[in-house]
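*Asks:* Chains as they are written, first to last, in the working numbering: chain A, 234 to 725; chain B, 234 to 725.
Think of the hints as simulated: they come from the structure by calculation, not from any bench. Keep in mind the model is a prediction, meaning the values are calculated, not measured. Backbone N, C-alpha and C fix where the C-beta goes; we use that ideal spot for every residue, glycine too. Hints are not guaranteed to be accurate.
What the hints assert, rightly or not - Some chain B residues judged to face chain A by a derived CB distance under 10 Å, without partners named:
(1) E260
(2) A263
(3) R265
(4) G274
(5) Y298
(6) E309
(7) L340
(8) R374
(9) P377
(10) N385
(11) Q621
(12) I632
(13) F647
(14) N651
(15) L689
(16) G712
Claimed, not checked - Over the 10 Å line for every Cβ pair with chain A, so calculated as not near, a few chain B residues:
(17) W404
(18) A491
(19) S564
(20) S618
Protein chains: 2
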Amino acid sequence: MAEKLTSRQTDYSKWYNEIVVKAGLAETSAVRGCMVIKPYGFAIWEKIQSELDKKFKETGHQNAYFPLFVPKSLFEAEEKNAEGFSKECAVVTHYRLKNDPKDSTKLIIDEQAKLEEELIVRPTSEAIIWNTYKNWIQSYRDLPILVNQWANVVRWEMRTRLFLRTAEFLWQEGHTAHATKEEAIEETILINNLYADFAENFMAIPVLKGLKSESERFAGADETYCIEGLMQDGKALQLGTSHFLGQNFAKAFDVKFANEDGKLSYVWATSWGVSTRLMGALIMTHSDDNGLVLPPNLAPIQVVIVPIYKGLDQLKKITVEANKIVSDLKSKGISVKYDDRDNFKPGYKFNDYELKGVPIRISIGPRDLENRTIELARRDNLTKSVVQLDSVVIQVQKILKDIQLSLFNRAQNFRDKNITEVNNFKEFEKIITGNGGFVSAHWDGTIETELKIKNLTKATIRCIPIDNKKEKGKCIFSGKESAGRVIFAKSY
Amino acid sequence: MAEKLTSRQTDYSKWYNEIVVKAGLAETSAVRGCMVIKPYGFAIWEKIQSELDKKFKETGHQNAYFPLFVPKSLFEAEEKNAEGFSKECAVVTHYRLKNDPKDSTKLIIDEQAKLEEELIVRPTSEAIIWNTYKNWIQSYRDLPILVNQWANVVRWEMRTRLFLRTAEFLWQEGHTAHATKEEAIEETILINNLYADFAENFMAIPVLKGLKSESERFAGADETYCIEGLMQDGKALQLGTSHFLGQNFAKAFDVKFANEDGKLSYVWATSWGVSTRLMGALIMTHSDDNGLVLPPNLAPIQVVIVPIYKGLDQLKKITVEANKIVSDLKSKGISVKYDDRDNFKPGYKFNDYELKGVPIRISIGPRDLENRTIELARRDNLTKSVVQLDSVVIQVQKILKDIQLSLFNRAQNFRDKNITEVNNFKEFEKIITGNGGFVSAHWDGTIETELKIKNLTKATIRCIPIDNKKEKGKCIFSGKESAGRVIFAKSY
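Make a model of the complete structure from these sequences and hints.
*Replies:* Right, here's the structure in full:
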């Protein structure tokens, strides 16, 4: 605790890993690439979950739960989807262990318990869900189906990082079925907008909304909408995706519906998801060299009160005032903790709550008691102010709102300053290898050009922004015609 | 929909399966033994989750998340636990598929991607969690750890039934660590009481609290507390268990803490869980030949309003009144649905909501409009009454409370009537092979007797009740000394 974090300037990646571990968010486990989400980190994830879940339900979605395993034959059915995920999936082949005849304390696989068909631990659930929807859908009256599930999924990534890329992660995946193409596209966009609204107004993370290029699309999708954030180190992070799946899964699983005239057509599909990756975005958007910085909406503890005292007598008097503040704040729905642990010094506590990103810290000392004041410290800008005891509640309410807004504004300013328009490849390379950020450039629309740029610079097309101005130009790489600018960046 | 359910009398097991499927709670999937929990069923499970989660947090527990997989070497570490679960576990052996060279549309296992160490899909998480706690615990200051997780687990059961016994199921598992034996036992009992309170006062399911006999204990526990319910067919169902794990896992994973004097001791542990099995208990406690019966606390829709009309003109007038009722009930926090679908007849709707267990059905017809009344039907006792429009809200509130209570009382009467004290094995057999139920009998305390009784009658010791009167006697089977009566039953 005493040692400081590595600074962002020194090593951004190391700084990130240290925050995750030292703030008690998550840690690596005995299982390669799988993380343990610790109570403090999970409490933040619960706030993300609960707000998103509310938004999904408000827009007519219901939760359900589908199996963890996908039989190989179903996994294969949608070819592109299978191709996209088959290289990194956990495969269950047996259903029993037995004692090792050579060492009775050890267990080995019982070869007699080999599965007839291998099971894939779901990397995503389109296959198992569309195989189920087949039985749910006969007529137009059965549509739309608007279902979401909160689940764990497994993708056997070779290089993993806590929250950003782990073999197992938690997410929600929505899977909807529609009678018309238009309705499915509307749903895809509705959800992408919902994600953007959530990221900006709840997590205080500004995002660009856009479409993925063909090579960055979800495997099995006709179109992928996304929201992209810009992290402090100039790299982009995809926060969420919403896929228009066309009739690909309906065709793979033979899901048809009869319209009012009895005519059969394939069903239209969408799927969409956000994951524990959002935790990584949260950290890399707001935090600083002192530790985590949390928007009040996501803070498990919004206000901490630390007594500053010599002797139990002083502590008692401070506790009387602190308890009043606690109960006043709680009555306003503010989560507050009074930390009167006697075996830790105030300085230690200050550091710890700073590291953990608690938005407001209140300290009360003997002089405060005399003056009927407290000291209030803001985590976002590290400023302190003296507040009259009788206006603490109003001030805290006001400042929590202000922190939420200020964090968004700060992140948005940073993001906006780091969108650079370039008009030739030299400029492009200079920015990408320099401060990075989003680079807005003309592109000829071909996969070849996209790949060449990626190979040369590691930058990819993050999205074709939704609100792109219609401006024709020349591709910065090939010089060919371009219909409009797209956003490039290096990314997580 | 038109066909009736199989009656309970005719075939209880068939009745159960039909309710689960026809009420839209769950269905089987393409994965052997794994279920799909459908939106209506999942909405009930969410209510169970949310209330339990609140209770866990009120008693100081925090949620976290641990990996889905357990490396085989960790799985082996606690010998009894490993032995108990190794015969029915899903084993991941590979992390990649490749195209089948013989058929490009097929995928096969890539043998080059064999894991060095097999991973077990968690059947329960003691091993992975205690391996993690090892790093969290150094001193008495790190204790207690009071952590819970909501997760999916997999046990490769050979004979599965929706909700009651499935290969994958959803549950919560609490895992706590303590400095003293007494504190750990206190926690075990606290949770068992929390479960009992939840079952009785939220789910309206009366339970017996007790201890498991040695042979029915959790693999790796020193003592297992449980709550046991009695289903309508006279069979018992274990609703939840709370285990005192002693120092077994601390020893297996070498987890020690230093006390205030620096002396090292092994940590004491508990674990406890309830699962989607509770859904089975819910169905088999309250439902009837017309379908599901839901206690209002668990009903996704507490009140449904069905208009009875000829022509759209009547419908319009009824809708005006219905909308008023909807908004009045919603303002009281009651979940209500107005079903004005024109393509379904009232009779169809009545049956459907009966099947789905909606506690109160309100119907409004043209004569009701004239008389300023509605007809109110209770799902629990199938009675109907006419209620004045201006007292609907008060009546609904009153009746919802009454249904919740009546369901509990009805179930408790049934349970109490079906606890039979017997004093010899002939009586015992007669009851067990007859109506079943809980049979209270003296037992000599040996595993041999317990097993013999099980082999002869299929009855097992469900629990040694906590509030057992201290009454010495003779074992009904062996005639040997007995310290008190225990509860036998056939069980799910």
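*Asks:* The hint names Q621 of chain B as touching chain A; please verify it with the least Cβ-Cβ distance against 10 Å.
*Replies:* At 34 Å from the nearest chain A Cβ, Q621 of chain B fails the 10 Å test, so the hint is violated.
*Asks:* Per the stated criterion, does the least C-beta distance between A491 of chain B and chain A lie above 10 Å, as a non-interface residue requires?
*Replies:* Given a closest Cβ separation of 14 Å, the condition holds.
*Asks:* Can we keep the Y298 of chain B interface hint, with Cβ of chain A closer than 10 Å?
*Replies:* Holds, about 4 Å.
*Asks:* If you take the shortest Cβ to Cβ gap from A263 of chain B to chain A, is it below 10 Å?
*Replies:* Status holds, d = 5 Å.
*Asks:* Is the shortest C-beta separation between E309 of chain B and chain A less than 10 Å?
*Replies:* Holds, because the Cβ-Cβ distance from E309 of chain B to chain A comes to roughly 5 Å (cut-off 10 Å).
*Asks:* Take the shortest C-beta to C-beta distance between L689 of chain B and chain A; is it under 10 Å?
*Replies:* violated (29 Å)
*Asks:* Holds or violated: is there a CB of chain A closer than 10 Å to the CB of N385 of chain B?
*Replies:* Since the shortest Cβ distance to chain A is 6 Å, the answer is holds.
*Asks:* Is the shortest C-beta separation between G712 of chain B and chain A less than 10 Å?
*Replies:* violated (38 Å)
*Asks:* Tell me if L340 of chain B is really an interface residue toward chain A, meaning its C-beta lies closer than 10 Å to one of theirs.
*Replies:* Hint holds; L340 of chain B Cβ to chain A Cβ min 5 Å, cut 10 Å.
*Asks:* Measuring Cβ to Cβ, find out whether S564 of chain B lies farther than 10 Å from everything in chain A.
*Replies:* holds (18 Å)
*Asks:* Taking the closest pair, is the beta carbon of S618 of chain B still more than 10 Å from chain A?
*Replies:* Holds, because the least Cβ-Cβ distance between S618 of chain B and chain A comes to about 32 Å, which exceeds 10 Å.
*Asks:* With chain A as the partner, please determine if R265 of chain B meets the hint condition of a C-beta pair closer than 10 Å.
*Replies:* holds (9 Å)
Figure legend: structure checked against the earlier numbered hints; hints not met, in rising order: 9, 11, 12, 13, 14, 15 and 16.
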